[in-house]
Amino acid sequence: MKSYWPFFIHFLLSFSAIADEKILLSGFGTLGLTISDSDIYGYRTDIGSDHGVFSSDIDFLENSKLGLQLDASITKDTDVVLQGVARNWPDATLDRFVTLAFLRYSRSPNWTFRIGRTAPEIFHFTEYRDIGFAYSLAALPSEVYGMIPYRHLDGFDISYANRFNDGTLRAKLFAGISDGDISSGSFTEAVQLNNIYGASLTWDYYNWTIQAQHTQAKIADDTSSNTMLRQQLSQIPDFLWPNAAALSKRLDLKNTKVEYSSLSSQIRLSNWSITAELARINADNPIIPKLNNGYFSLAYQRDEHTFFSYYALTESDNYIFNEPGVNPALFPELVMALAGTMNFYASNQQTLALGWRWDFATNLAAKLQWNMTDIDANGGTLWINSTDLVPSESVNTLIFNLSFVF
Amino acid sequence: MLLLIAPYAFTQATQASANDDIVVVVNNKNPVDKMTRSEVIDLFMGKYVAFPDGNSAIPVELSNEVTTKEKFYKALVNMPLSRINAYWSRLRFTGRKRTVTIQASEDNVVQYINKTQSAIGYIRRSKLNKNLKVVFELNE
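First to last, the protein sequences are chains A and B.
Going by our numbering, the first sequence runs without a break in its numbering and finishes at 406.
Going by our numbering, the second sequence runs without a break in its numbering and finishes at 1140.
For the record, the hints were derived by calculation from the structure and aren't laboratory data.
Predicted model only: the values in this text are computed from it and were never measured.
Just to be clear, a hint being listed does not mean it is correct.
Pair by pair, the computed Cβ-Cβ distance ranges are [said to hold, decoys possible]:
1) B/A1075 with A/W208: 47 to 57 angstroms
2) B/A1075 with A/Y300: 15 to 25 angstroms
3) B/N1129 with A/L61: 46 to 56 angstroms
4) B/D1021 with A/F307: 30 to 40 angstroms
5) A/L364 with B/A1104: 49 to 59 angstroms
6) A/N396 with B/K1115: 34 to 44 angstroms
7) B/N1129 with A/A361: 26 to 36 angstroms
8) A/S55 with B/D1021: 27 to 37 angstroms
9) B/K1115 with A/D91: 29 to 39 angstroms
10) B/Q1111 with A/N207: 46 to 56 angstroms
11) A/F307 with B/D1033: 41 to 51 angstroms
12) A/I210 with B/N1078: 43 to 53 angstroms
Listed below are the simulated EDC-like cross-link pairs for lysine to aspartate or glutamate, each with C-alpha atoms no more than 16 angstroms apart in a straight line [what the hints assert, rightly or not]:
13) B/K1029 with B/E1061
14) B/K1074 with B/D1033
15) B/K1074 with A/D303
16) B/K1071 with A/D284
17) B/K1127 with B/D1020
18) B/K1074 with B/E1061
19) A/K257 with A/E315
20) B/K1133 with B/E1065
21) B/K1074 with A/E304
22) B/K1097 with A/D77
23) A/K249 with A/D303
24) A/K254 with A/D284
25) A/K290 with A/E259
26) B/K1071 with A/E259
27) B/K1133 with B/D1033
Don't be surprised by glycine CBs; every beta carbon is placed ideally from N, CA and C.
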């Protein structure tokens, strides 16, 4: 898909060149300072980042980003949107940089059709998690959003909106492919998702929003590190490791079906607002365990100041080696590699966060957030681990952001 | 003398206040005569950008510098301008909504609606002219 991008962008730019009305250039960004207090677990926003913030670091990379967007109206019903986001991408290519590039057709207020590269609407905030100015928190709960490295969907979507019971109902269906980086720190691999199909249903009623989302996808190929592990497993004779070949086959990530489901709600009562989300990731491969994630956030807004807190949790089952009929002492390195692979996605941690947002101009906000995270032993998937140890640990992270739009 | 001045001053103050009321207006030729608060919220918050009869609407927005904009959103959804901008940055930068038409002054809003039948905007009552029709009053 990557090689087609320059041509597709050129195609969209050709459309924008004949825009009948106007072309609008706008942008957003965040200058983020992050400090953390762990020598073992380095803070990162999601598993796509290969960069961790450890105790001795004063980091400006992990939470900083700059986005530019071009909106071009072609006709009354049709427009083109192009967006690029510069951030600390592990693989800084044009393909990663382009986050939106689509042609939109809105025949009526009810129906909208978009084709091209759009933002995936997997969980409540995934569409706009890089637009810091758009939400109160300085950093979204990584317990829910840290496990999703995918930032674009190459395909199409159809949205339907209408008034319903004095509120607004919005339904969206989308399909396409995507890819993103998954990093363990020392090793980063691009993972492609094929056959992505998703639906999102949102009901807005005055100050209340309820949203249900479901997405399913297939992993296009096995990762190279996993292929190496599986090859080693498949070469072990049956009398030393019964069913090693069958296990190797079961661990193949190619065509693994992954499902993402979320139920969320936001309510604003006078100066108070509450946001809650329950999210689940499920796959038909033992390497990706069931992940149950969620958060509850409470915010109090007074004029230009918002004080917020949240509690977030991610939990999954850890793999403990107990393959029947195998003496682990015979394969110490392989057993360790297998346990590491099987526990790579097994995230277990909880965070209590406190913070303050100050909108000191209409398009500029300062945000401060203190995260207190308790990571379980073997549960630090969302962090960059500087050692081979996987102990439990409590980590404090302080994030200071200046977010803006223009 | 004071007794005579007081009612006059009160009338003047009330009239000035009434003229400063913000009203939501459309072109006189637009078939829509009335809108509810919920419909106005949906339209200006980008949730459902249509008139009650189902026809597409073109919301006309004021630039951030015009104080009427701040008063309008405070009265409509009880949000300061910074939060409105935060809300719209979500819609704009996710590519969910097309960019809205922005005018630098209320006079420009009036001119735009005068020549665009499907446009809708908000202005102070004192800016009304015969080509415009009030479909919602914020003190309703």
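Hint-by-hint comparison with the structure:
1. B/A1075 with A/W208: 47 to 57 angstroms: Hint violated: Cβ distance 20 angstroms, outside 47 to 57 angstroms.
2. B/A1075 with A/Y300: 15 to 25 angstroms: holds, 22 angstroms
3. B/N1129 with A/L61: 46 to 56 angstroms: holds, 55 angstroms
4. B/D1021 with A/F307: 30 to 40 angstroms: holds, 33 angstroms
5. A/L364 with B/A1104: 49 to 59 angstroms: Because 21 angstroms falls outside the window, the suggested range is violated.
6. A/N396 with B/K1115: 34 to 44 angstroms: Given about 59 angstroms between the Cβ atoms, the range is violated.
7. B/N1129 with A/A361: 26 to 36 angstroms: holds, 34 angstroms
8. A/S55 with B/D1021: 27 to 37 angstroms: Given a distance of about 58 angstroms, which is not inside 27 to 37 angstroms, the answer is violated.
9. B/K1115 with A/D91: 29 to 39 angstroms: violated, 50 angstroms
10. B/Q1111 with A/N207: 46 to 56 angstroms: violated, 34 angstroms
11. A/F307 with B/D1033: 41 to 51 angstroms: The hint (41 to 51 angstroms, Cβ to Cβ) holds, given that A/F307 and B/D1033 are roughly 44 angstroms apart.
12. A/I210 with B/N1078: 43 to 53 angstroms: violated, 21 angstroms
13. B/K1029 with B/E1061: violated, 20 angstroms
14. B/K1074 with B/D1033: violated, 24 angstroms
15. B/K1074 with A/D303: holds, 11 angstroms
16. B/K1071 with A/D284: violated, 54 angstroms
17. B/K1127 with B/D1020: Satisfied, since the Cα-Cα distance of roughly 9 angstroms is no more than 16 angstroms.
18. B/K1074 with B/E1061: Holds, at roughly 15 angstroms.
19. A/K257 with A/E315: Not OK: A/K257 and A/E315 at ~20 angstroms, beyond 16 angstroms, violated.
20. B/K1133 with B/E1065: Measuring from Cα to Cα gives roughly 25 angstroms; hence the hint is violated.
21. B/K1074 with A/E304: Distance ~13 angstroms between B/K1074 and A/E304 Cα, so the pair holds.
22. B/K1097 with A/D77: holds, 12 angstroms
23. A/K249 with A/D303: Violated, at about 58 angstroms.
24. A/K254 with A/D284: holds, 11 angstroms
25. A/K290 with A/E259: holds, 10 angstroms
26. B/K1071 with A/E259: violated, 45 angstroms
27. B/K1133 with B/D1033: Distance ~8 angstroms between B/K1133 and B/D1033 Cα, so the pair holds.
Comparing the model with each numbered hint stated earlier shows that hints 1, 5, 6, 8, 9, 10, 12, 13, 14, 16, 19, 20, 23 and 26 do not hold.
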